[in-house]
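So the sequence lines, in the order shown, correspond to chains Y and H. Residues 1 to 541 (UniProt numbering) make up the first sequence, in order. Residues 1 to 541 (UniProt numbering) make up the second sequence, in order.
Since the hints were derived computationally from the structure, they do not count as laboratory data. One should not assume that every hint holds.
The list makes no distinction among identical chains, and a pair is therefore deemed to hold if it is satisfied within one copy or across any two copies.
Straight-line Cα separation of at most 20 Å, PhoX-like style, residue types lysine-lysine; simulated pairs [what the hints assert, rightly or not]: (1) K492 with K102; (2) K185 with K540; (3) K492 with K247; (4) K89 with K492; (5) K430 with K308; (6) K159 with K83; (7) K140 with K498; (8) K475 with K381; (9) K475 with K142; (10) K430 with K375; (11) K308 with K269; (12) K390 with K406; (13) K475 with K308; (14) K475 with K247; (15) K140 with K120.
2 protein chains.
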Amino acid sequence: MLGRGTSFNRFFRHRRQFNKLSGATSEHQRTNENHSYYKYAYIGGAATAGVLGFKHFVKTAKLDHAKDETMSEKKLENLQIYKQEEVKKHGKDADRIWVTYKDGVYDVTDFIAMHPGGDKILLAAGAAVDPFWALYSQHKTKEVLEILEGYRIGKLDVKDVPKPVADAFSNDPERHPALLVRNSKPFNAETPPSLLTDHFYTPNELFFVRNHLPVPDIKTENHRLTVETIKGKTVDLSVEELKKKYKSYTIGSVIQCAGNRRADMNQYKKVQGLMWEGTAISNAEWTGVRLRDLLADAGIDVFDDKIKHVHFEGADVDPTGTPYGASIPIEKARGDEVIVAYHMNGVDIPRDHGAPLRVIVPGNVGARQVKWLRKIIVSEKESDSHWQQKDYRAFSPAVNIGDELKWNTVPSIQEYPVQCAICSPAPNTKVDRGDETVDISGYAWSGGGRGIIRIEVSVDGGETWNSVEMEQEEKQDQEHMYAWTLFKAEVKIPPGVKEFNIIAKAVDRAYNTQPETASGIWNVRGLIHNAWHRVPIIVKD
Amino acid sequence: MLGRGTSFNRFFRHRRQFNKLSGATSEHQRTNENHSYYKYAYIGGAATAGVLGFKHFVKTAKLDHAKDETMSEKKLENLQIYKQEEVKKHGKDADRIWVTYKDGVYDVTDFIAMHPGGDKILLAAGAAVDPFWALYSQHKTKEVLEILEGYRIGKLDVKDVPKPVADAFSNDPERHPALLVRNSKPFNAETPPSLLTDHFYTPNELFFVRNHLPVPDIKTENHRLTVETIKGKTVDLSVEELKKKYKSYTIGSVIQCAGNRRADMNQYKKVQGLMWEGTAISNAEWTGVRLRDLLADAGIDVFDDKIKHVHFEGADVDPTGTPYGASIPIEKARGDEVIVAYHMNGVDIPRDHGAPLRVIVPGNVGARQVKWLRKIIVSEKESDSHWQQKDYRAFSPAVNIGDELKWNTVPSIQEYPVQCAICSPAPNTKVDRGDETVDISGYAWSGGGRGIIRIEVSVDGGETWNSVEMEQEEKQDQEHMYAWTLFKAEVKIPPGVKEFNIIAKAVDRAYNTQPETASGIWNVRGLIHNAWHRVPIIVKD
Chain Y
1 MLGRGTSFNR FFRHRRQFNK LSGATSEHQR TNENHSYYKY AYIGGAATAG VLGFKHFVKT
61 AKLDHAKDET MSEKKLENLQ IYKQEEVKKH GKDADRIWVT YKDGVYDVTD FIAMHPGGDK
121 ILLAAGAAVD PFWALYSQHK TKEVLEILEG YRIGKLDVKD VPKPVADAFS NDPERHPALL
181 VRNSKPFNAE TPPSLLTDHF YTPNELFFVR NHLPVPDIKT ENHRLTVETI KGKTVDLSVE
241 ELKKKYKSYT IGSVIQCAGN RRADMNQYKK VQGLMWEGTA ISNAEWTGVR LRDLLADAGI
301 DVFDDKIKHV HFEGADVDPT GTPYGASIPI EKARGDEVIV AYHMNGVDIP RDHGAPLRVI
361 VPGNVGARQV KWLRKIIVSE KESDSHWQQK DYRAFSPAVN IGDELKWNTV PSIQEYPVQC
421 AICSPAPNTK VDRGDETVDI SGYAWSGGGR GIIRIEVSVD GGETWNSVEM EQEEKQDQEH
481 MYAWTLFKAE VKIPPGVKEF NIIAKAVDRA YNTQPETASG IWNVRGLIHN AWHRVPIIVK
541 D
Chain H
1 MLGRGTSFNR FFRHRRQFNK LSGATSEHQR TNENHSYYKY AYIGGAATAG VLGFKHFVKT
61 AKLDHAKDET MSEKKLENLQ IYKQEEVKKH GKDADRIWVT YKDGVYDVTD FIAMHPGGDK
121 ILLAAGAAVD PFWALYSQHK TKEVLEILEG YRIGKLDVKD VPKPVADAFS NDPERHPALL
181 VRNSKPFNAE TPPSLLTDHF YTPNELFFVR NHLPVPDIKT ENHRLTVETI KGKTVDLSVE
241 ELKKKYKSYT IGSVIQCAGN RRADMNQYKK VQGLMWEGTA ISNAEWTGVR LRDLLADAGI
301 DVFDDKIKHV HFEGADVDPT GTPYGASIPI EKARGDEVIV AYHMNGVDIP RDHGAPLRVI
361 VPGNVGARQV KWLRKIIVSE KESDSHWQQK DYRAFSPAVN IGDELKWNTV PSIQEYPVQC
421 AICSPAPNTK VDRGDETVDI SGYAWSGGGR GIIRIEVSVD GGETWNSVEM EQEEKQDQEH
481 MYAWTLFKAE VKIPPGVKEF NIIAKAVDRA YNTQPETASG IWNVRGLIHN AWHRVPIIVK
541 D
């Protein structure tokens, strides 16, 4: 029942039975029958001081491997030559797992537990990683190639070296040149911070983009949406039929990537993932039909005890044909606010944002709001998708880069906590003291429909604060606020300083607040960074 | 529309129109039609450095008054004598408001805006405060009497001096001697921290007590519960009838006072209110009937757009006959979890906890879980009760003691944010280095049914953390966790230190976390303190 890390005793020593400690009285025995100790496993990790980053990870991986006396230092010309059929024997069920990349052969057995993408690496077991890396171009960095070289065992026979993989992204749509591209294949780009707060509803062309795979090119008239139950496919609709058959609803709702502000968390201590700054978030008005109307039409009783989750499947697929997928709890799915959308800010959803259909789950993280939606499935379990099970879960700060990631010990991110960031001015902006003030603008938002009740700004490190005026959606009240809150203010330059930080933070309807720094929320994947946002400003006299 | 404080320009200077700043493009105009700027008023308060406390408040009140050249310094024998009928002319609608206390006559006009209890003070306008102070004994301190003396204008004619008020609390129930009494009349006491985590369900006699008024002495067989709609009283039941008529439900649910851990916030900077330490929180199993079943029986459609709130009225009344009251939003009221309870941990609810009936609103603050429940009212508006409108709202840190409290600029507290505290060891416990470890125990809980997903402990100021094992209710899942989470662990004493802090903090299902210190959450009334809990430990070599 206890998944206790080996390092447990370095912190908690001579541990006695918890039951013994708390079971001292008969009162306790009487009332404690219906709950369990240790309902959640211990999430491992030693008390590790200092800053561990990707470089440390690289070093550890290589050193560990060197200890195993493999051949990372051998010269390439001396390497053994392997045939593809030999590599194939080292598939996912073999004792030792091999992969190839270009003409290299690698034994990655000892690396699997450390792979940031989890056991997805096994999809290439006994074969080439090239088609996967063509889709996940984050692998194509010097550091990753160095890690891989550490596991090199040989060279692939020249006749078996795979041809360069065709660019799966060549049919991606054109994008607005203003977008700040963090990764081009798959395309991931954020809105320029200087433009984000100009619009209460982010224009479609400036809406941040978070793609996991190449963008499907779907002809709307050919697209079908199906709803599946245990009895089989019970609804099968074209987009036109969906629009005609169900009542339409429009809702203002934010989409935020769980990695938003990762670069900021990375400043505190290195994390893994795409280095999003603070604008992997946008707000749009979405129009579509209620998910619960579709479910009802499929003969699904949304109050049936056996239905716990609703799965969504996109038309974007990886090289094995596996689609992007995610799920949400049934209680959320049957709410007023969850829709299958076909319009974004009043026009057809653009390709990058899920054309022709996307599920909108207001108040939840972006990863559950599946684009290019083609299938809805009800289930007793969460989605088995990689992105539900092996990603988008925020570990404890006790889990460090290089530690084994026990994904089932942390829940999938659904509702987002309270977030707030300054978009303008940019960090290290120089201001003239003679101007006396600095114009600032930014956004705040919280999950679960919890409206922002105030936003406060400090220029003295958080010793004193001032509330600022807020812009909110009139149609949404504090208990159902899925759109964001924008703020603008003029902040007085403090006297007698050469530089200062502007800090902003927000409070939501349940009086949730943000932590001061990343100290308590740092996590290996750099998810959900919502510490106070600090923008350093330089004052010129 | 803007309730802008006069101190606004001290921070934000030369403010331009917000609309001008953000209305730069036609895109903005197209999409921004349906929301309003300034939906919430600016919450005033200057950027004030340093620590302001109650003493500062006393001093300010007296000095301001001295400037008005009234007679705070005159000798008592020289004071003018007033008849009661003269005092009566200075009632709540007069230009100058007078009150009497014992034989003193006071012009409190200039104090009303500063009264921590809001305009409740007007209930005594033109008359004696004595019967009110008999109920709110927090007034009977040297500091409050000093403030009052600052407003003295004369002496009451000896024939009009009221007789000492009978003790309204003389019929309060007996209490367990272990309770830590913070105020005796009305009775407010917390559970000894060393006992709190011994029981997953707090024994009734150790459950913390937060009373606002004397405890009603209700004979269960005489008690009636009524449900009122716009059409009048539509349900009128005895406790026996209620038990027979509706299905019973049992739920484990925490009650926490919004002032829990106020003493801790007070260490950061002085606040007003009862100095609760960290155990104004307890957990019990409550049995009763669903509120929505009662509402349905009263012919109320809980999905009717006109019904926004459900009000509760207790049998505890102030000297004017006004009962304790509160309300919750209809969406909460119609949930599975809200019950009218008659049992607490399997036995009749004790007098201090609401005998014979109490509403249990799992996931919300204690103040809404009205005891001695006698009336339920549905309404378009929140309760007008003092405790809904002029208390239990947490202001911005920008609002200081002595500032006017604009209650309508902040929402009433309903759902609680994530909370966590160490109960044992006590602060400044001395430990022997030879013991190597310290046993710790504590609790965590969050509002809205958001389960605790982990609890982490640090002994190095938050640089590194370790997850600890948790005890939770087996019947409740992470999306519906209304009972608390207990934790116990053995923490290793860090080498080479003479003292250290044990810090504990929790993460809830929506990945909400706690702030590091009170810096961003400090509020004048000391409500909802949920910063990291720190317990200093002294190491003996």
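- [ ] Go through the numbered hints given earlier and state which of them the structure violates, listing their numbers in rising order.
- [x] Going through the list in order, the structure violates hints 1, 2, 3, 4, 5, 7, 9, 10, 11 and respects the others.
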